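S.K.: Sequence:
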Amino acid sequence: MLEVEGFVTSTPRRGAVVSTWTSRLIHELFDLREVLEVGAAGHAARAVVRGVATDELEAALAWSQRVVEDGDPYRIAEASTRFHEAIVAMTGNSLLQASMRSVSGRVQWLFYLTSALDVHDAFHDHVELAAAIARGDERMAEALAYSHIERDRTPSFAVLHPPA
0 MLEVEGFVTS
10 TPRRGAVVST
20 WTSRLIHELF
30 DLREVLEVGA
40 AGHAARAVVR
50 GVATDELEAA
60 LAWSQRVVED
70 GDPYRIAEAS
80 TRFHEAIVAM
90 TGNSLLQASM
100 RSVSGRVQWL
110 FYLTSALDVH
120 DAFHDHVELA
130 AAIARGDERM
140 AEALAYSHIE
150 RDRTPSFAVL
160 HPPA
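If you count the sequence shown from 1, position 5 lands on 4 in numbering that gives the first Met the number 0, and the numbers rise without skipping.
Treat the hints as calculated values from the structure; they're not laboratory data.
Note that the structure is predicted; figures quoted are calculated from it, not measured.
The beta carbon of each residue, even a glycine, is placed where N, CA and C say it ideally should be.
Nothing false has been slipped in among the hints.
Distance windows between CB atoms, simulated:
(1) Y145 with R100: 17 to 27 angstroms
(2) R45 with A15: 34 to 44 angstroms
(3) S103 with R150: 15 to 25 angstroms
Generate coordinates for the entire structure from the input sequences, incorporating the hints supplied.
M.R.: The structure is reproduced here in structure tokens:
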């Protein structure tokens, strides 16, 4: 399970080694998040227009607000991941949900390792993104999701690979 989720790499006759955050892996995760989450944000907004409720998204946002105020980095990472998963769940697309589940552990791990970044900025992004989805504003939801993800790419590199 840990290997499937990308936390370890197994090599025959050598055992398992904990995965590390290479530049390539960081870029790949951000690229994948853009494909999955930007598309999901647009689909979630369209789902709202069709009558899908935003209850799960609102609950995830409310929980995020509570844990951001508490300041526990692990719980903040967990809440942020749950928020993004709630957007994907709103799409009703089982393949998209399965794809997100396959990377959620790595996303949460990344969020935890980069918890030194301003969590209030990320939470503000979540508020705006949730509002665009709730309005059924597909293009704004996609734009906000993209900017939210891309804004943290460079700072994440700085945290995970500080200059020597």
